[in-house]
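**Q** Chain residues, written in single-letter form:
2 protein chains.
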Amino acid sequence: MTFGIRTRRLLGALAALAAALSLGACAPMNSTTGPLVLESQGSFFVGGRDMKSDTLSSMPAYEASGTVTVEQMYVRYQTPPGGAKNYLIVMIHGCCLTGKTWETTPDGRMGWPVYVINQASRSRSAANAPPGTAVKMGKAPTDKLPTIFAAGHEGAWAIFRFGKQYPEVLPGMQFPVEAQGEFWKQMVPDWLFSLPTPNPTVPSLSELSIRLNGAILMSHSQSGIYPFQPAALSPRGIAGIVAVEPSVFPAPDGDLKPYLGMPIMVLYGDYVDMFQRWAPRLKLCRAISSRL
Amino acid sequence: MTFGIRTRRLLGALAALAAALSLGACAPMNSTTGPLVLESQGSFFVGGRDMKSDTLSSMPAYEASGTVTVEQMYVRYQTPPGGAKNYLIVMIHGCCLTGKTWETTPDGRMGWPVYVINQASRSRSAANAPPGTAVKMGKAPTDKLPTIFAAGHEGAWAIFRFGKQYPEVLPGMQFPVEAQGEFWKQMVPDWLFSLPTPNPTVPSLSELSIRLNGAILMSHSQSGIYPFQPAALSPRGIAGIVAVEPSVFPAPDGDLKPYLGMPIMVLYGDYVDMFQRWAPRLKLCRAISSRL
Numbered sequence: 260m261t262f263g264i265r266t267r268r269l270l271g272a273l274a275a276l277a278a279a280l281s282l283g284a285c286a287p288m289n290s291t292t293g294p295l296v297l298e299s300q301g302s303f304f305v306g307g308r309d310m311k312s313d314t315l316s317s318m319p320a321y322e323a324s325g326t327v328t329v330e331q332m333y334v335r336y337q338t339p340p341g342g343a344k345n346y347l348i349v350m351i352h353g354c355c356l357t358g359k360t361w362e363t364t365p366d367g368r369m370g371w372p373v374y375v376i377n378q379a380s381r382s383r384s385a386a387n388a389p390p391g392t393a394v395k396m397g398k399a400p401t402d403k404l405p406t407i408f409a410a411g412h413e414g415a416w417a418i419f420r421f422g423k424q425y426p427e428v429l430p431g432m433q434f435p436v437e438a439q440g441e442f443w444k445q446m447v448p449d450w451l452f453s454l455p456t457p458n459p460t461v462p463s464l465s466e467l468s469i470r471l472n473g474a475i476l477m478s479h480s481q482s483g484i485y486p487f488q489p490a491a492l493s494p495r496g497i498a499g500i501v502a503v504e505p506s507v508f509p510a511p512d513g514d515l516k517p518y519l520g521m522p523i524m525v526l527y528g529d530y531v532d533m534f535q536r537w538a539p540r541l542k543l544c545r546a547i548s549s550r551l
Numbered sequence: 260m261t262f263g264i265r266t267r268r269l270l271g272a273l274a275a276l277a278a279a280l281s282l283g284a285c286a287p288m289n290s291t292t293g294p295l296v297l298e299s300q301g302s303f304f305v306g307g308r309d310m311k312s313d314t315l316s317s318m319p320a321y322e323a324s325g326t327v328t329v330e331q332m333y334v335r336y337q338t339p340p341g342g343a344k345n346y347l348i349v350m351i352h353g354c355c356l357t358g359k360t361w362e363t364t365p366d367g368r369m370g371w372p373v374y375v376i377n378q379a380s381r382s383r384s385a386a387n388a389p390p391g392t393a394v395k396m397g398k399a400p401t402d403k404l405p406t407i408f409a410a411g412h413e414g415a416w417a418i419f420r421f422g423k424q425y426p427e428v429l430p431g432m433q434f435p436v437e438a439q440g441e442f443w444k445q446m447v448p449d450w451l452f453s454l455p456t457p458n459p460t461v462p463s464l465s466e467l468s469i470r471l472n473g474a475i476l477m478s479h480s481q482s483g484i485y486p487f488q489p490a491a492l493s494p495r496g497i498a499g500i501v502a503v504e505p506s507v508f509p510a511p512d513g514d515l516k517p518y519l520g521m522p523i524m525v526l527y528g529d530y531v532d533m534f535q536r537w538a539p540r541l542k543l544c545r546a547i548s549s550r551l
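Just so you know, the protein sequences line up as chains A and B, in that order. According to my numbering, the first sequence is numbered sequentially starting from 260. According to my numbering, the second sequence is numbered sequentially starting from 260.
Treat the hints as calculated values from the structure; they're not laboratory data. Nothing here was measured: the structure is a model prediction, and the numbers come from that model. Heads up, a few of these hints could be off.
[Stated by the list, open to error] BS3-like, lysine-lysine: derived pairs with alpha carbons at most 25 Å apart: (1) Lys423(B) x Lys311(A); (2) Lys398(A) x Lys403(B); (3) Lys398(B) x Lys398(A); (4) Lys398(A) x Lys311(A).
[To be verified] Now the in silico label distances, taken between C-beta atoms and shown as ranges: (5) Phe534(A) x Gly520(B): 50 to 60 Å; (6) Ser493(A) x Pro426(B): 30 to 40 Å; (7) Pro457(A) x Ser549(B): 50 to 60 Å; (8) Glu437(B) x Asp402(A): 36 to 46 Å; (9) Ala538(A) x Gly367(B): 46 to 56 Å; (10) Thr401(B) x Ser493(A): 40 to 50 Å; (11) Gly520(A) x Asp402(B): 52 to 62 Å; (12) Glu427(B) x Lys516(A): 45 to 55 Å; (13) Arg536(B) x Thr406(A): 34 to 44 Å; (14) Glu427(B) x Asp402(A): 32 to 42 Å; (15) Arg368(B) x Glu427(A): 30 to 40 Å.
The C-beta atom is built at its ideal place from N, Cα and C for all residues, glycine as well.
Pulled out of the complex, with its shape left as it was, chain A reads as follows (with noise of 0.2 Å):
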C-alpha cells in the first residue's frame, strides 16, 4: 500500500540496496520464532562535548558546579555472523520517537536489530538540561528555558496521517490502532529546537558512516535530512540513503552535487495528498528527484 518517490539513479542502485536490505543482519526477527545467531551486538556513543556549568543542579545533594558531557549520539548494533563484509544500516528514529521506533511494533511484531541510533538530546543519548536549572536557581530569565515539546497522541494522530482528526481512521489504514497506547508510550519529550545548527547528530552520522566503512544511511519523517547532510559534509562512508516519509529535504535550487553519485530511495505512504502538512512535502521531493 505504499508508493516510492525514486531518484533517478536509484533504478540502478535498487539492486544493491535490495541486497543490503536482505542481509541477515537487516531482516525483521520475529519475537516468536528463532533462533536469532549474532556475531556481535554492543553499543557506544559517537560525538559528544564537554561543558562547563555552574547550574547542574538546584539541589544541595549534588554539586552545581562541574562538567558534562551533552550532544553525544548513542548507537546499538547487532551484527549477524559475516555480516561486517555487506553494508551495514544506521537507523534513525523520527520526532519525539527514540530509537524504540525500530525495535518491537507497538502490536508486538518483529522489529529490525541493525544499527539504531538515539539522536543527540534523545534518550540515552544525553540532553543538555543545565540552561533550565539555571531558570530554576533563579540564575537566568524565563526565556532561557530550552523548548521542549511533547507532542499529544490528537496532533500526533493527524501527523501520522492515522485519520485527518482523533480518534477517526482513514479508510484502509494499516496502522493497529487497537495498539496505539503502547505507541503513546513510545513518546518522548522532544529537545530538537534548543540544539544548536547543525544538529549534533549530523556530524556524529558522518563519523559513525566513515567507522563503518560503508553505512545505508535511512532516516524518517523529522529525521529525513540527516542522511543528506551529513552526505553533504564528506561522501566518505555512506553508501546510500533511504529516506522514509522524509519531513525535509535538500533545496532544490541548491547545490545537489553530494547526491549526484549516491544511491537513494525516497517512500511516502498513503494519503499524503489528503495533509497540508505532507502534500508540499511530497512535491518537493519530487521536485529534487528532478534533478537528480
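Please arrange chain B on chain A, whose structure you already have, making use of the hints.
**A** Positioned in the frame of chain A, the structure of chain B alone reads:
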C-alpha cells in the same frame, strides 16, 4: 576485589542465584567472539498513564493541548534458547544513567543482554516535560519547573569512588580510567526528584515480575531500594533480589516481613568506609542484615 554483605537467607539462596546468573541469558557476551544464539528479543513498555495538558508545546507548529503518556517503563529483553524456563534477571540502572549501563562497558567489554529497563522519566521512558513548558509559556511560576539535575564528572568521580577528588585515583581502583570519556557520555539528566511517590518504576517492576513469573530484580546504586519496594507490594513473581551498591534500603526498624523468605544478595565494592556518602549505607545494610 569486592566483598558482599549478605543476609542470612543468602547462604541457602546463593546456589539458586548463582545458577540463574550462569544462564546463557545472563552470561556476558563478548563483542569480539560469538556467535550469540537467541530464542527471542524485543522491547515493550510497562505501566504509564495518560495525562491531559494545555502546555505540550510553546511553538505554534505543535499543538499545545492534548494527551501524553507518562511514567511508563521501557523494557528490552533477550532470551537464549530454553531461557524462559529459568529465572530471568531484570537489571535496573542507577542515578543519572540509563539501561545502557548494562550494555557494552566504557572500554568496550561485553555487557549483559537480559531484561534491561529504563526507569520511568528517563531515556526511552518518557519524561513529563509539559510542567516545564508551562513555565516557558508564562502559565506557571518558575518554582513549578521540574527538578532536573545533571551529575558533573567531578562530582560523580567521588560518588563512584574513582578517587576522593577529581582526577585523583585511589590505589588499586579498577575502573578503566582511560575510558572515562565514554562513561561520561552515558550520563543523562535525572528527573528522579520530579516524580511522584512511590516512583512509578516500582509498580511497573512489580507488574513486570508478575508477567515474567519469576524475576530476579537487580538494582544499582540509586535504584537500590527499587527491588525491595515491589516485593513489599507483593512477592508475586519476585524470585530474588540482587542489590549492587544500594544507596537506600528498607528501614531496619520497619516491616521486614516481605523479605524474610526471599533470597537477597547485597554487594558493596572497595573504599566504602572512606566516603561519608557511602559508609552509612554499609552500616545500614549490616543493621538490616542482622534482622533478616
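**Q** State for each hint whether it applies.
**A** Verification of the hints:
1. Restraint check for lysine 423(B) and lysine 311(A): satisfied, since their Cα atoms lie roughly 20 Å apart, inside the 25 Å limit.
2. With a CA separation close to 15 Å, the supplied pair lysine 398(A) and lysine 403(B) stays within the 25 Å bound.
3. Between lysine 398(B) and lysine 398(A), the direct Cα distance comes to roughly 20 Å. Compliance with the 25 Å bound is thereby established for this hinted pair.
4. Between lysine 398(A) and lysine 311(A) the CA atoms are separated by roughly 15 Å; this keeps the pair inside 25 Å, and the hint holds.
5. Roughly 58 Å separates the CB atoms of phenylalanine 534(A) and glycine 520(B), a value that falls within the hinted 50 to 60 Å.
6. The hinted range of 30 to 40 Å is satisfied by serine 493(A) and proline 426(B), whose Cβ atoms lie roughly 35 Å apart.
7. Restraint check, proline 457(A) to serine 549(B): a C-beta distance of roughly 59 Å satisfies the suggested window 50 to 60 Å.
8. As the Cβ distance of glutamate 437(B) to aspartate 402(A) is approximately 42 Å, the hint placing it in 36 to 46 Å holds.
9. For alanine 538(A) paired with glycine 367(B), a C-beta distance near 47 Å keeps the hint of 46 to 56 Å intact.
10. At roughly 44 Å, the beta carbons of threonine 401(B) and serine 493(A) sit within the given window of 40 to 50 Å.
11. At roughly 56 Å, the beta carbons of glycine 520(A) and aspartate 402(B) sit within the given window of 52 to 62 Å.
12. For glutamate 427(B) paired with lysine 516(A), a C-beta distance near 52 Å keeps the hint of 45 to 55 Å intact.
13. In this structure the supplied range 34 to 44 Å holds for arginine 536(B) paired with threonine 406(A), their Cβ-Cβ distance being about 35 Å.
14. Glutamate 427(B) and aspartate 402(A) have their C-beta atoms about 41 Å apart, which keeps the hinted 32 to 42 Å range intact.
15. Between arginine 368(B) and glutamate 427(A) the Cβ separation comes to about 52 Å, which falls outside the hinted range of 30 to 40 Å.
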